[in-house]
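Participant: Please construct the entire structure, taking both the sequences and the accompanying hints into account.
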Amino acid sequence: NAGVTQTPKFQVLKTGQSMTLQCAQDMNHNSMYWYRQDPGMGLRLIYYSASEGTTDKGEVPNGYNVSRLNKREFSLRLESAAPSQTSVYFCASSSRRNQPQHFGDGTRLSIL
Amino acid sequence: AQTVTQSQPEMSVQEAETVTLSCTYDTSESDYYLFWYKQPPSRQMILVIRQEAYKQQNATENRFSVNFQKAAKSFSLKISDSQLGDAAMYFCAYVDRIGDDKIIFGKGTRLHILP
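Protein chains in written order, with my numbering: chain A, 1 to 112; chain B, 113 to 227.
Hints may be right or wrong, so weigh each one.
Stated by the list, open to error - Straight-line Cα separation of at most 20 Å, PhoX-like style, residue types lysine-lysine; simulated pairs:
| no. | chain 1 | residue 1 | chain 2 | residue 2 |
| --- | --- | --- | --- | --- |
| 1 | B | Lys-167 | B | Lys-190 |
| 2 | B | Lys-185 | B | Lys-219 |
| 3 | B | Lys-182 | B | Lys-167 |
| 4 | B | Lys-214 | A | Lys-57 |
| 5 | B | Lys-219 | B | Lys-190 |
| 6 | B | Lys-214 | A | Lys-71 |
Just so you know, the hints here were simulated from the structure itself, not pulled from any lab data.
Facilitator: Quick look at the structure:
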């Protein structure tokens, strides 16, 4: 059981570079989410997708774009990376809102 | 907007003792779901327990139980017989039963287990 797979696990970028974080789930879940985790800030929702073909902004969407490519995949793009986007990024999925979220292992992203 | 507050950034408990982690939330909704997640040093996020707001009975999962006080908007997690493996960050989370699918997390409480 792969669950939620995120790639890459680590990445270092220079300011201004672009990058796409990939996420795929094999549990046939409708909802998918992108979070960032910073020390002392908990998990903050960047974007989410309640179903294939829909995406909505979360708490901190500025500087990011997402694509729900199909039911399995939900990617997060940084068009012009900034040092403030240095963080650990988590992708998650769930079948329904009253069900637990399944998380990927996270991507540690550093912007120099 | 809904908010989730965990007022204890860090806590420590002696092994085998009981500890309670606090969580309060703010919402104008009457029906919602609440969760506690655990994040050990491995960084994996693991569901500990969940509660449906319309259920009066407090949820229990083995050594983990909640004290859900709907009127007070409080959702604390009690860990009994603490074990070294319980050392982790614990996050409280909230989501509406209807409406948008946003899940709101608290900032977390780091729990240390003292041998």
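Participant: What are the numbers of the hints that this structure violates, sorted from low to high?
Facilitator: Those not satisfied: there are none.
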